[in-house]
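*Asks:* Given the coordinates of chain W, work out where chain L should sit on it, guided by the hints.
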Amino acid sequence: MTNSPLTPGIAPARLDPEDLSANFTDLHPPLDDHEALVAADRCYFCHDAPCITACPTEIDIPLFIRQIATGTPEAAAKTILDQNILGGMCARVCPTETLCEEACVRELAEGKPVVIGELQRYATDTLMAKNEHPFTRAAATGKRVAVVGAGPAGLSCAHRLAMKGHDIDLFDARPKGGGLNEYGIAAYKTVNDFAAAEVDWLMQIGGITLHTGKALGRDLGLDALKSDYDAVFLGMGLAGVNALRAEGEDKEGVADAVAFIADLRQAEDLSSLPVGRNVVVIGGGMTAVDAAVQSKLLGAESVTILYRRSREEMPASRYEQDLAAAKGVRLVFNAKPVRMTGNGATQGLVAEYTVSGPDGLKGTGETFTLPADQVLKAIGQTLDGVPGDLRIEGGKIAVTGAGRSSVDGIWAGGDCAQGGEDLTVTAVAEGRDAAEDIHQTLMGG
Amino acid sequence: MADLTTTFCGITSPNPFWLASAPPTDKEYNVRRAFEAGWGGVVWKTLGEDPPIVNVNGPRYGAIWGADRRLLGLNNIELITDRPLEVNLEEMTRIKKDWPDRALIASLMVPVNEDSWKAILDRVLETGCDGVELNFGCPHGMSERGMGSAVGQVPEYVQQVTEWCKKHSDLPVIVKLTPNIADIRKPAQAAHDGGADAVSLINTINSITSVDLDLFAPEPTIDGKGAHGGYCGPAVKPIALNMVAEISRSPALQGLPISGIGGVTTWRDAAEFMALGAGNVQVCTAAMTYGFKIVQEMISGLSQYMDEKGFASTDELIGRAVPNCSDWQHLNLNYVTKARIDQDACIKCGRCYAACEDTSHQAISMSEDRVFEVIDAECVACNLCVNVCPVEGCITMEELSPGTLDERTGKVVEDEYANWTTHPNNPGACAAE
Chain W
658 MTNSPLTPGI
668 APARLDPEDL
678 SANFTDLHPP
688 LDDHEALVAA
698 DRCYFCHDAP
708 CITACPTEID
718 IPLFIRQIAT
728 GTPEAAAKTI
738 LDQNILGGMC
748 ARVCPTETLC
758 EEACVRELAE
768 GKPVVIGELQ
778 RYATDTLMAK
788 NEHPFTRAAA
798 TGKRVAVVGA
808 GPAGLSCAHR
818 LAMKGHDIDL
828 FDARPKGGGL
838 NEYGIAAYKT
848 VNDFAAAEVD
858 WLMQIGGITL
868 HTGKALGRDL
878 GLDALKSDYD
888 AVFLGMGLAG
898 VNALRAEGED
908 KEGVADAVAF
918 IADLRQAEDL
928 SSLPVGRNVV
938 VIGGGMTAVD
948 AAVQSKLLGA
958 ESVTILYRRS
968 REEMPASRYE
978 QDLAAAKGVR
988 LVFNAKPVRM
998 TGNGATQGLV
1008 AEYTVSGPDG
1018 LKGTGETFTL
1028 PADQVLKAIG
1038 QTLDGVPGDL
1048 RIEGGKIAVT
1058 GAGRSSVDGI
1068 WAGGDCAQGG
1078 EDLTVTAVAE
1088 GRDAAEDIHQ
1098 TLMGG
Chain L
342 MADLTTTFCG
352 ITSPNPFWLA
362 SAPPTDKEYN
372 VRRAFEAGWG
382 GVVWKTLGED
392 PPIVNVNGPR
402 YGAIWGADRR
412 LLGLNNIELI
422 TDRPLEVNLE
432 EMTRIKKDWP
442 DRALIASLMV
452 PVNEDSWKAI
462 LDRVLETGCD
472 GVELNFGCPH
482 GMSERGMGSA
492 VGQVPEYVQQ
502 VTEWCKKHSD
512 LPVIVKLTPN
522 IADIRKPAQA
532 AHDGGADAVS
542 LINTINSITS
552 VDLDLFAPEP
562 TIDGKGAHGG
572 YCGPAVKPIA
582 LNMVAEISRS
592 PALQGLPISG
602 IGGVTTWRDA
612 AEFMALGAGN
622 VQVCTAAMTY
632 GFKIVQEMIS
642 GLSQYMDEKG
652 FASTDELIGR
662 AVPNCSDWQH
672 LNLNYVTKAR
682 IDQDACIKCG
692 RCYAACEDTS
702 HQAISMSEDR
712 VFEVIDAECV
722 ACNLCVNVCP
732 VEGCITMEEL
742 SPGTLDERTG
752 KVVEDEYANW
762 TTHPNNPGAC
772 AAE
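Those protein sequences? They're chains W and L, same order as listed. Under our numbering, the first residue of the first sequence carries the number 658, and numbering increases by one thereafter. Under our numbering, the first residue of the second sequence carries the number 342, and numbering increases by one thereafter.
None of these hints come from the bench; they were simulated from the model. Quick reminder that beta carbons are idealized off the backbone N, C-alpha and C, glycines included. Warning: the hint list may mix true and false statements.
Said to hold, decoys possible - When the alpha-carbon atoms are kept at most 27 Å apart in a straight line, the in silico DSSO-like pairs for lysine-lysine are as follows:
id : chain 1 : residue 1 : chain 2 : residue 2
1  : L       : K650      : L       : K578
2  : W       : K787      : L       : K650
3  : W       : K1019     : W       : K984
4  : L       : K438      : L       : K527
5  : L       : K634      : W       : K769
6  : W       : K787      : W       : K871
Unchecked claim - What follows is a list of derived Cβ distance ranges for each label pair:
id : chain 1 : residue 1 : chain 2 : residue 2 : range
7  : W       : S884      : L       : R435      : 32 to 42 Å
8  : L       : E709      : W       : N849      : 38 to 48 Å
9  : L       : Y758      : W       : A679      : 51 to 61 Å
As the list claims (entries may be wrong) - Chain L residues, not near chain W, derived (Cβ > 10 Å throughout):
id : residue
10 : Y370
11 : P392
12 : D409
13 : L594
14 : Q595
15 : R609
16 : G632
17 : K634
18 : G642
19 : Q703
20 : E733
21 : E740
22 : D747
Same shape as in the complex, but just chain W (with noise of 0.2 Å):
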């Protein structure tokens, strides 16, 4: 080894690869069958069940537990993925301290949700292991749909219209499907390539061509597209980084989190990914923990989540708060960058606390400085682009319904469209939907 957690700047190979490559091993180890029958047995099968609501694609989550706890697993996976597609990956990164987990009554009774997120991953692997794919087309249609962005939206809609005998060509960007369940989810919640195996489990289903290293508006044009399908799905997400507005955020070392998210997940050798021996990630949310986690577990000496407001309002759960803090993540609340200092690159982080009024937000005058050898934004993404004419709404492809967009014939979904959370889950509702949308409007007449 090299180097250490103490190198000073940027500097790859912080730790051993043994190290590593613990660091980055699954977060939560799946369940065994023991384990899953006796956390199982916790459900209590309930009416109209809170789970269910809670869940954006409604999963029927009583249903599949109780059919783990029969001892049909593989029934369970096919509850599971009637609903959601991308079940095995949802079931590795919903918050679902925000969602099913947290509507569970035992939570209510105990504080102790049934685990359902690891149940349900349980479930999927089962039938992911047998590499068994439980859906069949329909008869063929002759209609052809073009869905812009292998991720999570659009796998989802594209594997629904397949299903319904539609066939489908796959666009992305990037060289690979998944979108972010590929390059923007942290690595120790999708480990042994999860991401790019779910992505060729769901082509089972057949009618699917994905076209990779295709981007609207430079490869594809959306009146093309229109003119040569019979509809158009657009999933692209959110390429465009927002930007921090503070002075020296063009000084070497201050970089985007979701493509320091991405090179994590596409290297191949972890000690070969440069990190900062200090490091400072901006924002509040999901990628914020997940830049700031991996940049400790890559050996960082010190990593700290800047959040402008309270730890109440921050969009990361506290179960991923305290995963951070877990993982020697220091969070600093109620501050907000102002500078970054150093000749060249950059060597600290000077910060402003906030107090939250009538006004907004303001700072409040007092600074601090933080040591920050990079910095990562977290603070959000943004549509890059607005294709054709579609309305544009909160910077968002405006839709109405089961995402329609503003134009005859195209429907949106995922991140790129209004609507709804920005989780992988909300989006394969939003895919699916519109892909029942869509099977309508082109066989209804």
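*Replies:* Frame of chain W, contents of chain L only:
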């Protein structure tokens, strides 16, 4: 996916899961919900003569729970329907009209005289129902009035009433049997002799679920007193399975269709009843505990199981375990097994040791560092250690292959089958021929 369509004594339903005659089938409202949820058939709550009976106005149920309030056994003192006959018949008629593909069975209980049975059969025929079930099982309340299990416990009555029903109706007649009897084959035979198209069993078991130790009264307690009720739910399944097997393997009762009842809660329970010869199953307690939706798990689970086994229809499952139901005297005494403890799986709790050392054959040793090992010279293969071990698969029974030495008996395990009937210790042994 396997076809779950099942034809039971001429009555076809889309799956073998019927709701038993009980509170869940007391009203059109419930039955509609049940059919919407996917149940294959319904046996309507037992009809009687007007004026309708009255129920107690205190608690009707008592229960046994596991530590996490999992309901294991339920006891009830509810009687047959307490609504006018006409109301029930009108509702049944509407149901059958709207759900022609589902089985609708009328459960009946009237006094033991031919006119009463003829009268109600005539009325029931108007509903368009697919069959009737004679309630000879209810062990409380109605039995005090000479009906229910009071009939079911007297084979002559069972036969007589069955004959009346066959004489006055063309509908399939299912006779529901009480388990509160020494030999279940006797009333089953009586039903068969009376011309029954099928039997269903078990009805509930006489029971007191618990005693209030402050009031010194059985539960459920009505104004300081309690009466025995009928026990059902998961706890009664082993008793029901045995009774079903007794009938299905009885040579005199071959071909008599059986509707299996008693603690069916999951697809697996249903499959077990069917393997023992039940042509379908009836469910009550599981629906009362979890709601009608549980049938979805039963359907998906049985389908998956049948697919895995390569069974195209339920006929391939029904009765498949019957040939393997035997009597003790025919079990192979040359089949020798020994317990084996997987040391990697063992968590060193010592429960196997306590069970064997205190209550069995002192066939497990315990070292100072808590390693537990089987002493083959003492192990009689009783299986108790397997059953008390908290780790599934940690202790297993290994068969000694013929030719190996059984250290306990000092004898070499023999290849041939040999049972008690020919054993030298059996004073009544007949020489092998």
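*Asks:* A separate judgement is required for each hint: does it hold in the structure or not?
*Replies:* Going through the hints against the structure:
Distance hint between K650/L and K578/L is fulfilled; the C-alpha atoms sit about 24 Å from each other, no more than 27 Å. Annotation: proposed proximity of K787/W to K650/L holds, straight-line Cα distance about 17 Å (limit 27 Å). Proposed proximity of K1019/W and K984/W is contradicted: the alpha carbons are some 31 Å apart, above 27 Å. At most 27 Å may separate the alpha-carbon atoms for a hinted pair to count; K438/L and K527/L exceed this at roughly 38 Å.
Note on K634/L and K769/W: the hinted pairing holds, with a Cα-Cα distance of about 25 Å set against a maximum of 27 Å. Simply put, K787/W and K871/W have alpha-carbon atoms about 32 Å apart, too far for the 27 Å limit, and the pair is violated. The supplied range of 32 to 42 Å is broken by S884/W and R435/L, whose beta-carbon atoms lie about 55 Å from each other. Range check, E709/L to N849/W: about 42 Å between beta-carbon atoms, so the 38 to 48 Å window is met.
Checked against the hint of 51 to 61 Å, the pair Y758/L and A679/W passes, with Cβ atoms roughly 56 Å apart. Here Y370/L stays apart from chain W, with its beta-carbon at least about 16 Å from theirs, past the 10 Å limit. Its beta-carbon lying about 35 Å from the closest one in chain W, P392/L satisfies the requirement of being farther than 10 Å from that chain. The beta carbon of D409/L is not kept farther than 10 Å from every beta carbon of chain W, the shortest such distance being approximately 7 Å.
For L594/L, the condition that its CB be more than 10 Å from all CB atoms of chain W holds, with the nearest at approximately 31 Å. For Q595/L, the non-interface assignment is confirmed: its Cβ lies about 32 Å from the closest Cβ of chain W, beyond the 10 Å cut-off. Not every Cβ of chain W is farther than 10 Å from the Cβ of R609/L; the closest lies at roughly 6 Å, contradicting the non-interface assignment. The beta carbon of G632/L is not kept farther than 10 Å from every beta carbon of chain W, the shortest such distance being approximately 5 Å.
With 10 Å as the threshold on Cβ separation, the claim that K634/L sits away from chain W is violated: the shortest Cβ distance comes to roughly 7 Å. With a cut of 10 Å on Cβ distances, G642/L falls inside the contact zone with chain W, its closest approach being about 5 Å. The claim that Q703/L is not at the interface with chain W holds, since no C-beta of that chain comes within 10 Å of its own (minimum 29 Å). Non-interface call for E733/L relative to chain W: violated, since the shortest CB-CB distance, roughly 6 Å, does not exceed 10 Å.
With a closest Cβ-Cβ approach of about 24 Å to chain W, E740/L is found to remain outside the 10 Å limit, as its non-interface label requires. Here D747/L stays apart from chain W, with its beta-carbon at least about 32 Å from theirs, past the 10 Å limit.
Of the numbered hints listed earlier, those contradicted by the structure are 3, 4, 6, 7, 12, 15, 16, 17, 18, 20.
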